[in-house]
Amino acid sequence: MTINPSGWRPERALAANDENEGGGTFTGNRALMLEEKLIFEIGDSKSCGVDFDDVPEVASRLGGLERSAPIGLPGLSEPETVRHYTRLSRQNYAIDLGLFPLGSCTMKHNPRLNERMARLPGFADVHPLQPAETVQGAYELIHVLGQWLIKLTGMNSVAMSPKAGAHGELCGLLAIRSALEARGDARKVVLVPESAHGTNPATAAFCGYSVETIPATKAGRVDRAALEGRLAPDVAAVMITNPNTCGLFEREMVEICEAVHAAGALVYCDGANFNAIVGRVRPGDLGIDAMHINLHKTFSTPHGGGGPGAGPVVFSAALSPFAPLPFVEKTGDTYILVEEETADEDHSRSFGRMAAFHGQMGMFTRAASYMMSHGADGLRQVAEDAVLNANYILRQLEDVLDAPFGESGPCMHEALFSDEGLAEGLSTMDIAKGLIDEGFHPMTMYFPLVVHGAMLIEPTETESKASLDQFIGALRSVAERARAGDLSLKAAPFYAPRRRLDETAAARKPILTWRDATPAE
Amino acid sequence: MRYLPLSDTDRTSMLASIGAPSIDALFTDVPEAARLSGVIEDLPLHASELSVERQLKALASKNLVAGEVPFFIGCGAYRHHIPASVDHIIQRGEFLTSYTPYQPEIAQGTLQVLFEFQSQVARLYGCDVANASMYDGSTACWEAIGMARRITRRSKAVLSAGLHPHYVSLCDTMAKFTGDTLVTADPVLTDGAPGDDMARLLAAIDGETSCVVVQNPNIFGHVADLSELADACHAKGALLVAVVTEPVALGAIKSPGEMGADIVVGEGQSIGVGLNFGGPYVGLFACNEKHVRQMPGRLCGETVDAAGQRGYVLTLSTREQHIRREKATSNICTNAGLCALAFTVHMSLLGEAGLRKLASVNHARAVLAAERLAQVPGVELVNGAFFNEFTLRLSKEARPVVKTLAARGILGGVALGRLYPKLEGLANGLVVAVTETTSEEDVEQLASALEEALA
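The listed protein sequences correspond, in order, to chains A and B.
The first sequence begins at 1 in the working numbering and counts up one residue at a time.
The second sequence begins at 1001 in the working numbering and counts up one residue at a time.
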């Protein structure tokens, strides 16, 4: 039934399986579920939500380059802007709303103290190029956070400037390549297990290495025999995620590191899953050479719909001299920033600079606030509770979902299931979309690639038992429907702000920006 | 511990249901020698919210806050007023605590914001399309060089002497490993107009050149017409990569896209993000539609759902590492989502009228400040054209002068000697940024302090 013939807002679809569903509405809204058009459809080129103080007229010194043609940027008053983005916010799932079990992504609670601390003017309203004597507290914070990371990982030094996990991987590989080249040993190959995050092979290729894949064993771990069989003088490094993306600890990590070192290569550890072992294991004790730490995963800085992250990298003594510029150094009671200029004397082997300025300060403040809150004792409890929660989910659901590595022993921070046992025609995707109707964000789907139809569930330590039980009940119900062949799951979700979206159409004919035939006046 | 909901009773009952005798039993895959038996030493133990707040406030109080003193520092990060509503929106939990929108049906908020962001950036830069953000301007700059390499299948990039030295340094680092050739030159302070640099760039373009990288306004604040350079690039089959570190400038001057740039990248920090001591910022990345499949980073696109309603999804992900692995256009995964949101909200508050007004206020204040400072004995304005940042030549080396000013509580600009310690010819240069936050009183204080310092 079309109640809104002008069609200026999309008509709400009826939920196909709900007989009590009312008709469409005039606005397209349904109670608290509000439709919202694009800023380009509601704003215009004259409206503005900012007032300015007057300034005297001056003769332009723009060199005749004045921008005269319309830019096409819509504006709104402040109340309209606030309402527009508040309405949009309500179409998002978030940790603040419920359990967010994205495996390998670590969606834990984001303490609001972190936000308050990051906004202290002494951290937030400080310029990166201020003279050193005016930013001693900021340098000190970077130094203090670095010391936490060094001690928690048992490594020798830390590079704070990488901007996210993949940038950290790049940092680690550049240090490794520099160290190898310094000894006149140009090696060309990086080995990556097939269960690795996509960033690992992409990073290796990004800095000029060729990538070879190492298979996993049936128990979900790196095939050590295959790895050692491939070690040769052309292998520069092995990148290993530990705990790995199957949620398992690499039991033979020490032996693997020894074999890699014996072959003259180095070990890069992807520290994305450090949250499972923080306070219980120091990766440095396993023999690795470099590891990045995603502050937005282990140390609770917010994911913010995709970023920003921060990816400090800890190094072994062998790699430390090659760490990037700039970095903060403590000399006596003062902190200095070692940059290109000062590096010449004592740090001539640094591989150079990875980004402007010196790192994700706003993330450092948040992570420091989190670490200081937990303390060394609390962080250990973080790992224990994260692992306990994941094992609880694994064991509560393995009777309705296939757990391919359930026999391999306890999992770490995440539980992995496959699509085996689902009825013909139903897939991991359908279970995920069914979970949405139950009020949960789905798990990570189809990753890692070593498991068919993978479902990777990471509850994190910030979920209560009641919350876990509710999630387990919901997933059990959806899994049972999928096993029984309930094909209505193919059409899920029914109750989200949108029904299933057509990703194929989006890619076939990409519409990436707003195109208006008549620019806003 | 306030962030951990499990009680000891919960833990005991959950262990029992798992069938594990203890927590330690869950860590038995860890080699025995690497299992820590107790809490790591030499680190503090847990602390109350009040206690953490006190400790961090103590650190923060050791810093000189930009907003509390006369402040003139720019060079790649600019202090602008951010409306209160921007910070309010980005602290909404639905935005702050959501993830990359991999499940689009319950992430339309983030996705529609990204679509708006991409549309705003494309229009600001004068390009067809923009991505959903990079880490920052400097890393976006290197990604643009890589993209130009893939498009042209050439690997020689010619860099302007006016490109931010940190950006140059980053490109130098990466080129060592990727095998790209960088053609660079040292800047000179007599580049009153950027004419010398422009002539050098025009002469350097040849059949091997993948791209020319030019910053506008450049590190000295110079504003230049890039049209001739764009034509010269295209005549040789090369691309023009334009870098913009101060997006507010594009409310006043022609966009790089209008002047013929093929790829435009830059720092978005000025709009909505703040100084944050260097990060997190937001990298902007835009190009012509025909090159979109060589773009790095996430893209959001419009589509429809099963009921025919308009909606948004991440798209063209076959360029990206999680699908393409070692064949991806970049290794980037994380973007700057929350900073992109701040940019979008601020830009929506401004709109076209507000951005133009903001730019004109910046320019007017900068012109007045430049004229006032040039009257100080021993100070000479280097720039011909500029937007909100300009270079002064002092009668003395600038680094000690900056230090003297800081001791008087004035953050008076960036000494070129800090950015180019090896170039003695730049030692007397001082780059001064002036925005809508700079008052006439601030300028007077800088002028009189400079007069004393140079006397």
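The hints are simulated quantities; they were obtained by calculation from the structure and are not laboratory data.
Hints are not guaranteed to be accurate.
Think about it this way: if two alpha-carbon atoms lie no more than 27 Å apart in a straight line, the pair counts; the simulated DSS-like pairs of lysine-lysine are [what the hints assert, rightly or not]:
id, chain 1, residue 1, chain 2, residue 2
1, B, Lys1156, A, Lys330
2, B, Lys1176, B, Lys1156
3, A, Lys46, B, Lys1176
Stretch by stretch, here's where chain A covers chain B in the computed footprint (C-beta under 8 Å, at least three residues) [claimed, not checked]:
id, stretch
4, 1033-1044
5, 1165-1179
6, 1251-1265
7, 1422-1429
8, 1445-1451
Where a beta carbon is used, it is the ideal one built from N, C-alpha and C, also for glycine.
A quick look at each hint next to the structure:
1. Among the hinted pairs, B:Lys1156 with A:Lys330 is inconsistent with the structure: their alpha-carbon atoms are about 40 Å apart, more than 27 Å.
2. Note on B:Lys1176 and B:Lys1156: the hinted pairing holds, with a Cα-Cα distance of about 13 Å set against a maximum of 27 Å.
3. Taken as a hint, the A:Lys46 and B:Lys1176 pair is broken in the structure, with Cα atoms around 49 Å apart against an allowance of 27 Å.
4. Requiring three or more residues with a Cβ within less than 8 Å of a Cβ of chain A, the coverage given for the stretch 1033-1044 of chain B holds, as 10 such residues are present.
5. Check on the stretch 1165-1179 of chain B: 11 of its residues sit with their Cβ under 8 Å from a Cβ of chain A, so the three-residue criterion for coverage holds.
6. Beta-carbon proximity to chain A at under 8 Å applies to 6 residues in the stretch 1251-1265 of chain B; the threshold of 3 is reached and the given coverage holds.
7. Counting residues of the stretch 1422-1429 of chain B whose CB lies closer than 8 Å to any CB of chain A gives 1, so the stated coverage by that chain is violated, three being the minimum.
8. Counting residues of the stretch 1445-1451 of chain B whose CB lies closer than 8 Å to any CB of chain A gives 0, which falls below the minimum of 3, so the coverage claim is violated.
Checked against the numbered hints above, the structure breaks hints 1, 3, 7, 8 and satisfies the rest.
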